[in-house]
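We have chain A; now place chain B onto it with these hints.
First to last, the protein sequences are chains A and B. Every position in the first sequence, counted from 1, becomes a number in the numbering used here once 1061 is added. Every position in the second sequence, counted from 1, becomes a number in the numbering used here once 16 is added.
Keep in mind the hints are simulated off the structure, nothing from the lab. As the structure is a prediction and not an experimental result, all values here were calculated from the model. Beta carbons: idealized from backbone N, C-alpha and C, even for Gly. One or more hints might be untrue.
What the hints assert, rightly or not - Simulated pairs of lysine-lysine, DSSO-like, Cα-Cα distance not exceeding 27 angstroms: (1) A:K1307 x B:K76; (2) A:K1161 x A:K1252; (3) A:K1161 x A:K1218; (4) B:K76 x B:K33; (5) B:K46 x A:K1349; (6) A:K1307 x A:K1264; (7) A:K1098 x A:K1161; (8) A:K1218 x B:K21; (9) A:K1161 x B:K46; (10) B:K21 x B:K33; (11) A:K1218 x A:K1252; (12) A:K1307 x A:K1252; (13) A:K1307 x B:K21; (14) B:K46 x B:K76; (15) B:K32 x B:K76; (16) A:K1264 x A:K1098; (17) B:K32 x A:K1161; (18) A:K1264 x A:K1349; (19) A:K1252 x A:K1216; (20) A:K1161 x B:K76; (21) B:K46 x B:K32.
To be verified - Some chain B residues judged to face chain A by a derived CB distance under 8 angstroms, without partners named: (22) P31; (23) A39; (24) E50; (25) A53; (26) A54; (27) N55; (28) A58; (29) D61; (30) G62; (31) I63; (32) E70; (33) L72; (34) H77.
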Amino acid sequence: MNEYTLPIVFGLMTGTLTRLSMLRTDYRQYPTYLHGKIIHVALGFIAAGLGTVAGPAIMEEEFTAITFLTLAASQFREVRNMERNTLTELDSYELVSRGKTYIEGIAIAFESRNYLVIFTSLISTLAYLIFNIWVGIIAAIAALLISHRLMSGGKLKDLVEIEYIEPRFDGAGLYVDNIYIMNIGLPERQKEVLRYGMGFILKPKNMNARTTIANLGQRQAVLHDLSTALGVYRDSGTPALVPLAKRDLDDGRVGIFVLPQERDIERAITVIGDVPTLENAIRMPSEKKNNEGGAGA
Amino acid sequence: MMLEKFVLAAVTTNPKKVPSGTAVFHCDSKEEMETVAANLEAILDGIAHALTEELLIIVKH
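Pulled out of the complex, with its shape left as it was, chain B reads as follows:
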């Protein structure tokens, strides 16, 4: 089976709502979350998708 999409990482400011089973990056502010997500996006060739105001996921398409 070939996976077409895969969650590579999650970046969040709310430690209570982080998913399990993937790499999670905790951030102190929204600005830090966006900076970390932008770096991860570039490093992992993924796209940062916003699920909520407090949670971004990096997805490989």
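Just chain A, with the same shape it has in the complex:
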């Protein structure tokens, strides 16, 4: 046991605890309980180790040793690929798929959380080494709070107002408010749709939100989360019962049509509001300055 043993153990602990605190399995049941979680805790432990040993390396003026952090970068890029491949494979067996944008968002989150673990371990170990364990604990708590702040993205309720609208038929056309959803030709199927169907209108709060909810991946994420939380009235081979989201071209509102097994309007509105705003769907047309010019700018 040398002078670095305790700081390294401390850094390993704070890093692993940070990863555990960021690893939540909610109604979406991902990562799966228990084996999926073990993989991510183990990778978090490795990330904590990499971050921790960077501290003593700096203290010993072994600056070239820091380059092994590049190993971590390539290692955790692999984590992202692993998540992307797994979720894409599983998506084909979902009754309402997640969509590629949602999958990419989840994969990015898994990679970035490991970098946050490295950051937490590095900061807390350095604080322990330079000052003492108390400063180390304070630094660890601060890093943990920063990590939580950085990992929590926006929610859909920040961007849109959500309103429940009973779906209706005009001839064979199914509508949610004035938004055309699809054509259902059989009267029997129409009755089924009216009995189980629910409609929601997402009204964007500003121009940025209008562009973000227009993204097909963001709309698919809403349908997936809603179907996961409330169940879905459909089976394979019933394409007429598939949930859909269509856009009003005039004002950018999005009409959501779903067939849940549990018809709870309040809960459905809460679930839609809690759908994460996908990083790859966010657009900020308001950031485009009027004086910016040039092709493709």
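Showing chain B alone in chain A's frame:
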């Protein structure tokens, strides 16, 4: 090229207005047309869309 939608069959009560180039099912009444379309929908994993009162098409999405 990958086709995302394809008309699998047409079901009609009006033989004068049937499309060509796809399987057509002639029916005597609206009820028969709906029964045939419901069966085709289940068999072909398609959706029955109404174009007119006399014509349904089964589309693969």
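- Contradicted hints - numbers only: Violated hints: 2, 5, 8, 9, 11, 16, 17, 19, 22, 23, 27, 32; rest satisfied.
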